Structures are given as structure tokens and as C-alpha cells.
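In the order they appear, the protein sequences are chains Y and W.
Heads up: the first sequence begins at 0 in numbering that gives the first Met the number 0, then just goes up one per residue.
Heads up: the second sequence begins at 0 in numbering that gives the first Met the number 0, then just goes up one per residue.
Source of the hints: derived by calculation from the structure; they are not laboratory data.
Given the structure is predicted, the values throughout are model-derived calculations rather than measurements.
Among the hints, a few may not be true.
Same chains, same label: a pair holds when it works inside one copy or across any pair of copies.
[Stated by the list, open to error] Straight-line distance between alpha carbons at most 27 Å, and here's what the computed DSS-like set of lysine-lysine pairs gives:
| id | residue 1 | residue 2 |
| --- | --- | --- |
| 1 | Lys156 | Lys45 |
| 2 | Lys201 | Lys160 |
| 3 | Lys93 | Lys148 |
| 4 | Lys200 | Lys93 |
| 5 | Lys160 | Lys93 |
| 6 | Lys43 | Lys175 |
| 7 | Lys232 | Lys160 |
| 8 | Lys93 | Lys156 |
| 9 | Lys93 | Lys175 |
| 10 | Lys93 | Lys59 |
| 11 | Lys175 | Lys45 |
| 12 | Lys45 | Lys219 |
2 protein chains.
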Amino acid sequence: MKNEKELPVSRPMMMIEDAVDLVRSYPTVPLTVDCVIFGFEENKLKVLLIRSDLEVYHGKWSLLGDVVHATEELDDAAYRVLQERTGMNDVYLKQVQAFSAPNRHPGGRVVTLAYCSLLNIRHHELQITDNELHWHNVRSLKDMAFDHKDIIDACYKWLQKSIQEHPLGFNLLPEKFSLRELQNLYEAILNVELDRRNFRKKFFSMDFLIDTGELEEDVKHRPGKLYRFNFEKYEKSKRKWIGIDF
Amino acid sequence: MKNEKELPVSRPMMMIEDAVDLVRSYPTVPLTVDCVIFGFEENKLKVLLIRSDLEVYHGKWSLLGDVVHATEELDDAAYRVLQERTGMNDVYLKQVQAFSAPNRHPGGRVVTLAYCSLLNIRHHELQITDNELHWHNVRSLKDMAFDHKDIIDACYKWLQKSIQEHPLGFNLLPEKFSLRELQNLYEAILNVELDRRNFRKKFFSMDFLIDTGELEEDVKHRPGKLYRFNFEKYEKSKRKWIGIDF
DNA sequence: ACGAATCATGTAAATAATACACATTGCCCC
DNA sequence: GGGGCAATGTGTATTATTTACATGATTCGT
Numbered sequence: 000m001k002n003e004k005e006l007p008v009s010r011p012m013m014m015i016e017d018a019v020d021l022v023r024s025y026p027t028v029p030l031t032v033d034c035v036i037f038g039f040e041e042n043k044l045k046v047l048l049i050r051s052d053l054e055v056y057h058g059k060w061s062l063l064g065d066v067v068h069a070t071e072e073l074d075d076a077a078y079r080v081l082q083e084r085t086g087m088n089d090v091y092l093k094q095v096q097a098f099s100a101p102n103r104h105p106g107g108r109v110v111t112l113a114y115c116s117l118l119n120i121r122h123h124e125l126q127i128t129d130n131e132l133h134w135h136n137v138r139s140l141k142d143m144a145f146d147h148k149d150i151i152d153a154c155y156k157w158l159q160k161s162i163q164e165h166p167l168g169f170n171l172l173p174e175k176f177s178l179r180e181l182q183n184l185y186e187a188i189l190n191v192e193l194d195r196r197n198f199r200k201k202f203f204s205m206d207f208l209i210d211t212g213e214l215e216e217d218v219k220h221r222p223g224k225l226y227r228f229n230f231e232k233y234e235k236s237k238r239k240w241i242g243i244d245f
Numbered sequence: 000m001k002n003e004k005e006l007p008v009s010r011p012m013m014m015i016e017d018a019v020d021l022v023r024s025y026p027t028v029p030l031t032v033d034c035v036i037f038g039f040e041e042n043k044l045k046v047l048l049i050r051s052d053l054e055v056y057h058g059k060w061s062l063l064g065d066v067v068h069a070t071e072e073l074d075d076a077a078y079r080v081l082q083e084r085t086g087m088n089d090v091y092l093k094q095v096q097a098f099s100a101p102n103r104h105p106g107g108r109v110v111t112l113a114y115c116s117l118l119n120i121r122h123h124e125l126q127i128t129d130n131e132l133h134w135h136n137v138r139s140l141k142d143m144a145f146d147h148k149d150i151i152d153a154c155y156k157w158l159q160k161s162i163q164e165h166p167l168g169f170n171l172l173p174e175k176f177s178l179r180e181l182q183n184l185y186e187a188i189l190n191v192e193l194d195r196r197n198f199r200k201k202f203f204s205m206d207f208l209i210d211t212g213e214l215e216e217d218v219k220h221r222p223g224k225l226y227r228f229n230f231e232k233y234e235k236s237k238r239k240w241i242g243i244d245f
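The whole structure should be built from the sequences, with the hints applied where relevant.
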């Protein structure tokens with residue numbers, strides 16, 4: 000022990016033999032997940048909400064959430080919430096941030112993990128409509144229960160950033176879409192106006208759009224071409240998504 | 000109630016009167032925070048680790064972490080860990096991601112929130128060295144306890160991305176630094192080689208570096224100028240940090 | 001005073017971003 | 001079926017940004 004040059008794998012003062020015992024001694028807190036589910040319709044970004052079932056938040060809107068089960072992965076809990084409350088599956092989902100303010104829940108300490116989810120409103124018709132489940136304009140939210148407005152704000156910022164770094168927007172569109180729809184999506188989410196020609200140029204130069212050969216229908220003007228996003232090619236290609244800095 | 004156009008603020012089937020009761024009924028889990036504390040020394044990115052005090056992880060390295068107290072904010076818990084275990088204060092800290100794999104802790108279900116922290120090794124000399132607390136090269140980590148390698152990987156990726164979007168790197172450097180040091184920092188973190196002239200040009204064009212008028216000392220060649228980062232100007236200026244896409 | 005090492009600096013070429021206008025297509029309606 | 005409407009589809013010139021690259025200047029050490 001005199002040799003101070005070598006750092007021996009020395010036994011610390013108190014080595015803990017029984018990990019189970021240790022964990023049993025830990026304080027515990029209730030954990031929930033809350034899903035910010037975005038959709039896109041009528042050129043507006045929407046978010047899916049229900050009425051809160053808490054008396055203190057009577058009439059206020061709330062995110063879809065639930066308690067995390069005893070040995071459940073957080074991601075699984077979020078997928079479960081989506082499945083149980085909307086009947087939807089196969090939806091983009093991503094953990095965004097934990098919220099832990101001590102008074103964020105009127106019933107006491109509850110820590111929540113915010114998840115952001117993107118889905119195509121048209122493709123997933125709502126099956127269940129308990130508690131007035133439906134879509135709200137993201138830009139005109141009010142009367143939110145808990146800190147759910149903060150959570151939505153955080154997820155919205157996350158979304159604005161992420162659609163410029165990754166091709167997430169396609170999750171909000173039908174499988175086949177026109178370039179105009181795609182541009183409307185970006186304009187709505189980023190709250191900017193874009194030049195149509197440069198927008199097209201940018202997307203075509205990435206070469207991830209497949210021309211389906213089909214045309215829009217039910218429009219009362221010249222129909223645009225319909226495209227699909229080439230997810231396979233995108234996944235394979237190491238070269239990243241070209242940043243979209245509007 | 001026949002009028003279906005109006006969505007009345009109707010009482011859902013079961014309105015919950017007692018929120019406290021509700022929360023009491025929730026399952027609870029132990030919550031911890033784990034801090035990935037990065038430093039920079041000898042042109043290498045370092046991370047601060049201790050020996051695990053769990054017998055099953057005998058000899059393995061572990062992040063600095065602790066259980067979250069009953070009504071504690073997660074951020075506060077992470078700052079507390081930093082303070083208690085290193086004596087350091089006033090350090091950049093950011094929540095990165097939750098880890099919740101059911102078997103990530105040998106003692107049973109424990110959910111952890113990973114925090115990423117940046118500090119200047121020179122400025123904060125380690126006071127406490129319990130459990131062989133010291134710095135490790137990020138590139139040569141092995142024998143990690145728990146899922147701490149995964150956590151470090153996630154935080155490292157977060158760091159690589161973030162230093163290109165925000166001026167975080169300066170937290171890892173002394174208050175006064177040479178441009179070479181700054182470049183070494185970026186090169187080490189991003190694992191790339193950069194052109195010196197273009198690097199200087201980029202940083203000077205942002206106009207956030209203040210020439211202190213001082214020069215490097217104790218170098219055995221022509222000393223470089225020392226700069227400070229103009230945090231005030233950066234905070235004020237709405238125009239963002241110019242993306243650094245190396 | 002000389003060599004070694006690193007600092008400091010500018011320019012030309014290539015690439016990417018922006019601004020901008022007109023012909024084309026399909027629908028609708030008369 | 002012809003003309004107006006509304007949106008689609010396309011190219012180029014200009015500007016800004018990024019990249020590649022070489023030389024003289026300064027300080028230290030001997």
C-alpha cells in the first residue's frame with residue numbers, strides 16, 4: 000500500500016454485498032408518461048388531447064398519459080398509452096424530457112416523462128373517443144391541466160428542431176403526398192414562409208422522393224404529382240439528411 | 000344534450016375528486032440521477048468516474064449518481080450529486096435522457112436520469128477523492144458498472160451534437176484560452192481534423208471572442224494570444240450561434 | 001544568431017443559398 | 001369546346017458560404 004504510483008483495485012470502505020437490499024432502501028416516486036401526439040390536418044399542426052378526469056382540472060385539457068408499471072420500460076409505457084387510448088400502433092415515438100417539479104401534480108409528487116409522437120391523422124382514424132379525445136390546434140391551446148402546456152411547448156420545440164435534422168415530417172403525411180403538402184407541413188411547423196422553387200430544389204437534390212406516377216385528386220386546379228419518401232434508401236445511405244435550414 | 004354541434008364541457012363518466020388518493024394508488028419506482036461529467040485535459044476528452052461500491056460490480060467503474068429524494072427536482076438532484084461528490088458548483092448541467100431497462104440495476108428496478116455536465120478540470124481541482132474518483136479518457140472506457148457505458152455513449156453523442164449548435168465547449172476550457180486550445184477541443188470531441196485558418200476565420204467571424212491582450216505562457220515556442228468568450232454578448236444577441244458543421 | 005516550432009494571415013475556387021418570372025396543366029363554367 | 005382560373009413545374013443569375021491551400025513573423029532554446 001506504500002506504492003502510490005499504482006492505483007490498485009482496492010476495496011472501498013464499504014462494499015455493498017446485497018444490491019436488492021440497497022434498492023429496497025431507496026425512496027420511490029410515482030412515474031408517468033405523457034404523450035404529445037402531433038398530427039397535421041388542414042395545414043395546421045394539431046395535438047391530441049382529452050379532458051382531464053381530475054375534479055381540480057374540471058374542463059381543462061390534458062395529454063394522454065398513464066402511470067408506468069412496476070417493471071415496464073418507459074418506451075413501452077408510452078407505446079401502451081398510445082395503443083390503449085387511441086387504438087393506434089406503429090407510430091413514431093420519442094422520449095423528449097422528464098418533468099419533475101414537486102407541485103406539478105395536485106395529488107403529490109409525480110415525475111413524468113414526456114414523449115413526442117407523430118402520426119398521420121387521415122391514416123389513423125380515432126377509434127376511441129372517451130373523454131372527448133380529439134385534435135387541437137397547437138397554436139391555440141389554453142386551459143391545460145398540470146404542466147401540460149409546458150410539456151407541449153418543449154415537444155413542439157423539439158419537433159421544430161428535429162424535422163430540420165431528420166425526415167420526421169413524413170410521419171405526419173399520408174404515404175403519398177404532393178410537394179405542396181410537404182411544404183405546407185414545414186411552413187406550419189416552423190411558422191415561416193418558404194420559396195416554392197427552392198423548397199422543391201432542396202428536396203429533389205436529396206433524392207429521397209419517389210415519383211409514384213400518380214396525381215392528386217379532388218383538387219379544383221391542376222393536380223400535383225404524388226411522391227413517396229424512400230425510407231429504405233434513407234436508412235441505408237450513410238450520408239445524412241441534408242440539414243434544412245430555412 | 001341533443002345538440003351535437005357544441006362540445007359541452009361534460010363531466011366524464013368518473014370524475015376523480017381526490018387527487019392525493021389517486022397518486023397514492025400509483026405504483027412507484029426508485030429514481031436516480033447519473034452525471035456524466037466531462038472534462039478536457041492534454042487534448043483528450045475525459046469523464047469523471049468512481050469505483051462502484053456494489054460487490055457484483057467489484058472493480059468496475061461507475062458514474063457519479065444518487066437516488067432522487069422524495070420531493071426533489073431532478074435538476075436539483077443532479078446538482079446535489081455534483082456538489083456532494085466533487086465539491087464542485089457552478090457547473091454546466093443538462094438533462095439528457097432517461098434509462099429504464101428493467102434489469103439495468105442488479106438490485107431491481109431503478110430508473111435513472113442521465114445528466115451531462117461540463118467543467119474545466121484545471122479550474123475545479125478535485126477536493127474529494129473517495130472511491131478513486133478520477134478522470135478517464137472517454138475513448139478508452141471499459142469495465143463499466145450497470146448500463147453506464149450506454150449512458151456515457153448517449154451523453155457523448157449529445158455533446159458532439161451540442162457543441163456544434165451552442166457554445167458549450169468554453170465550459171471545458173479555462174477562462175482564457177488560445178485558439179489552438181479551442182481547436183484541439185473541437186477536434187478531440189468531434190474526432191476530426193480541422194483546417195487551422197478556416198477554424199480561426201469561423202470563430203472570429205462570429206465575433207464572440209475577446210482578445211485579452213495576454214499571451215500564452217510556459218510554451219516552448221511562439222506563444223499564442225489568449226481569448227475569452229463573450230458570454231454576455233452571446234446571451235443578448237438574438238442571432239444564434241452560427242452552426243459549426245465540420 | 002541561428003534553428004525549431006508554432007502563430008498569424010489572405011485569396012482563389014467550389015459549393016450552397018437565395019431571389020426571382022413565365023409557360024403549362026387540368027378543372028370549372030359558360 | 002373555349003376561355004378563365006389556380007396552382008404546378010421549371011432555370012438562371014446573384015450572392016453568400018465553405019473549402020483548399022502557402023508564406024512570413026514571432027518567440028523559445030541553444
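*Tell me, in ascending order, the numbers of any earlier hints that this structure violates.*
Violated: hint 4 alone.
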